[in-house]
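So the sequences go chain by chain: A and B.
The opening residue of the first sequence carries number 1 in this note's numbering; numbering runs sequentially from there.
The opening residue of the second sequence carries number 1 in this note's numbering; numbering runs sequentially from there.
Please keep in mind that the hints were generated in silico from the structure rather than gathered at the bench.
Zero decoy hints are in this set.
Each computed BS3-like pair below joins lysine-lysine, with the alpha-carbon atoms no more than 27 Å apart:
id : chain 1 : residue 1 : chain 2 : residue 2
1  : B       : Lys246    : A       : Lys317
2  : B       : Lys225    : A       : Lys279
3  : A       : Lys294    : B       : Lys246
4  : B       : Lys144    : A       : Lys189
5  : B       : Lys144    : A       : Lys183
6  : B       : Lys225    : A       : Lys294
7  : A       : Lys286    : B       : Lys246
8  : A       : Lys211    : B       : Lys225
9  : B       : Lys246    : A       : Lys288
10 : A       : Lys217    : A       : Lys317
11 : A       : Lys317    : B       : Lys225
12 : A       : Lys279    : B       : Lys246
13 : A       : Lys181    : B       : Lys52
14 : B       : Lys105    : A       : Lys181
15 : A       : Lys253    : A       : Lys145
16 : A       : Lys316    : B       : Lys246
17 : B       : Lys246    : A       : Lys253
18 : A       : Lys316    : B       : Lys225
19 : A       : Lys194    : B       : Lys246
20 : B       : Lys52     : A       : Lys183
21 : A       : Lys145    : B       : Lys86
To spell it out: a stretch of chain A is covered by chain B in this simulated footprint if at least three of its residues, at any positions, have a beta carbon under 8 Å from a beta carbon of chain B; those stretches are:
id : region
22 : 97-111
23 : 141-152
24 : 255-268
25 : 299-313
Note that CB positions come from ideal geometry on N, CA and C, so glycine has one too.
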Amino acid sequence: MSVLVYCEVSGGSLKKASLEALSEGKKLAGALGGSLNAVVVGSGLDAHIDAIKNHGAETIYVADSADHENYVPEAHLTAVADAAAQASATVCLIPATTRGRELAPRVAVKLDAGLIEDVTGLTGEGGTVAAIRPEYAGKVYRSVKANTLPMVVSTRPNTFDAVADAGAGARVDLSLDYSAKAKVVETRKAGGEKIDVAEADRIVGGGRGLKEPENFKLVEDLAETLGAAVAASRAVVDSGWRPHAEQVGQTGKVVSPTLYIAVGISGAIQHLAGMTTSKTIVAINKDKDAPIFKVADYGLVGDAMEVLPALNAELKK
Amino acid sequence: MNIAVLVKLVPDTAAMIRLNGDKSGIETRDLNWVLNPYDEYAAEEALALVEKHGGEVTAVACGGDDQVEALRKVVAMGANNAVLVKREGEYDQLASAKAIANAIKDRGFDLIFTGYRTTDDDSTAIGPMVASLLELPCVTEVNKLEVGDGTLTAERNIEGGSEVLEASMPCVITAQKGLNEPRYPKLKGIMMAKKKQIETVDAEAGDIRTATTTMDYPPERPAGKIVGEGVEAVPELVRLLREEAKVIE
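Only chain B is shown next, with the shape it has when bound in the complex (with noise of 0.2 Å):
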């Protein structure tokens, strides 16, 4: 089985998130940068199907020389090849994904894994993006899967409940939280990955379609009230919420 998996490097979630000087971005400086937390499961998912049907996995980011040390996590967790999309400057979503389908798409992949979601953009495109442009299925927010022969079965959770969907590969799947528990790369692994020859190919992508004009922090929340200690507050909170902030009856 040939398997690709589509990965990013971004801040760590537990990081506070500043505005760099002009606000067209954020201040990169002291962060700690760590893989996209989603794409740890789709990276595992991917291994853990090689172990069993054998074949290879092949990390692929898109972006700055910064992202090769994504590839290298993936690396150390045991994928086999890795292959950086250069870019450089401001892309959007439909130009990443160009970019990624151009570099993949002669390379006979059977199934391509990514996480459902990036924590620092917020975005769930690119997985949908690169099967619409192969021309594949994509069954995303996935958190059980089986793959069959030529087919494969994915359960994910919906508002209200869940489903559980059949699709023909090759196929795109973004992976969900609860798919599996992510690896730790070994010792050996890391070493390993620190050496690994990373294929660097040229962003083919196309037009940018949006522009950011500026970023900006929340509304700050006005200032609450502690309304009290233990359960003689409790009267007090309930009638709060009825009288003034009016949103229980």
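Just chain A, same shape as in the assembly (with noise of 0.2 Å):
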């Protein structure tokens, strides 16, 4: 019985959800008597070693080459599955990041194994595993076991904590052996120093409460203030305003910040289906009835554009 960590360096930074899954790993890998191992594939490897090593993993398999400064889905693959056999491993946790959720199917595959996505709760009893997985975006939770061993199962990002842990952390170097059908020839970072919504700890999100999209500018202010990312409503989003990338809800992206800051978005049910697990919620909006009062923690009547301003200052004071 042994558990294993995809961790995923990307952007030439070790992902923060690589280190929640290791973490939730070395829980799981102490219920089902057995232990925490990591794979890791890039290029230049050698910073990110410690960080995994101190986050539990007895043993970290290490596929590092220039070939792997740009990702091919079937070198990540291919480790993966290397890792899996060397460490018999019955249990692969794999952040469900963009990049994790198209690998940890893939690797169900390869590993012929079951597979439980995306999910905000991990248990390993009577030799088994069992999660809890938020289906509908939230609406509803669908607990699942596994029939069989092994298992693949990835972790929602900024749900699970990292708690640094050490383990023994010995190396062992892999050779890839692939064919690479699909491979990445360019990567571009957002403009400037933006944070992207689904990482995000703060978020401030616009609906169409704002108006027109120029006043979306305020929105921006809030954000910088607070260090946050701009999330948006499906209507803003729909009308032009707004990229898709900031958008939140059933068919955006499913957020859990500490703190959401929801302005001028009435709460429509796929909206709030996105970001009801944050934290604390706070609502600014005009119509006092709107449903996103009824899941804020802290709810403010009035108009954005009056309140933003005013509310970026006393921040700021």
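Mind docking these for me? Both chains are given alone in their own frames, and the hints should help you get the complex.
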């Protein structure tokens, strides 16, 4: 019995979601009575090995080569499969990032294993694995258990705590044998120091109540003061005011930041589904009967165009 | 160009979701059912490519007879063929993917499209699984696509940016919002879709690896409070966020 965690390095950095998966994997390995191991693929990985070790990995399988500078799905699949075989992994954890959402199902096929996706709770009792996962963007939750092992489980980012807890961290280098059928040829960073909605700890979301696309400047200003990401409702994305990458809801991203400030968002059910697991929700809306106030911890009834500058000024005090 | 589109019928995203009496699943009565929204982008891309390069689009769904409705919706948009991979009872993603892969493996598709996610069970598995089962490349969450001669270039958003991928064909592509504007079916298409012969094949799947123990609602959020009205309430809101919620400094 052992647990293998795929650690994602992209854009030269180790994803925080990988450390969260390691910490959850450590607990799972303890419950199953096995060891925690990790696999990482990339170029110039030395800088990341300590962090992986410090989050509990006993053995770290490393595929470090200039060939892995750019993402090639088949290379990462092969690395996970090779490491799973060497570690006799019974559970493979993969953070459910953009990359993880495609890798986890493909690893499941490669290992002929079952798959439980995007879990928000994970336990290992009686020698098997059980998990909880949101469905319908969080309107309901499903509890799932594994009928057989091995099992591949993808873990929702920003849900589990990353806890430092050092393991032996023995390094085993992998040399991969694969044929590349797809490859990343170009990577672009979002403009400036913009924080991605999916990874943000604080989010300011704007909706129709802002009246004009230009008024999103007020949302951006508040987000800058708070170090927050900007999110948008489906209505304003469909109207072309904001890019789809910012959309929160059932046909956008599901987020659970520490603070979500909803500005001029009425709270359509498909938007609520995407953000009700946020720790603290603030709603600012002109309509005191808007559904958003039912999920908000703190509500302020008022015109966004007046309230936002005042809120921004107050926060800067 | 010979293109498959894998589709699924799902409850409207605007619907309230209720659980059934023994919490083994959702209450399916009184729901409005629609084509999975991301499958609409998949279907549109397939149809546009065939209009440009010639060829045929085949809609494929896996499930019970209710899934015929999903196939008819894609036929109404313009698909030439429709295949139902028929199965009964609870399946997991691997079993569904195996059933689909077995049904389409010998049909010589150049491209296989599907939505990047299903909005009912929030799964992104079917496209990548079918790709791996058929030993094809897979590019997921695509919001821009250029198809060349035996290769394609695709773009997608990733955390904090975007990336461009190249892949060989045949290839599985999963569609994200932004890829295109799906067409509305014309009346003639809807009439044709009603009469369309649906080819049915029995699912060849394999073991089911996971089982549902129960379903539940998310924990209710405790009732919040209205801090006040207008600009005058701002200082109190900030005080509460600092001192009570402790979410800002």
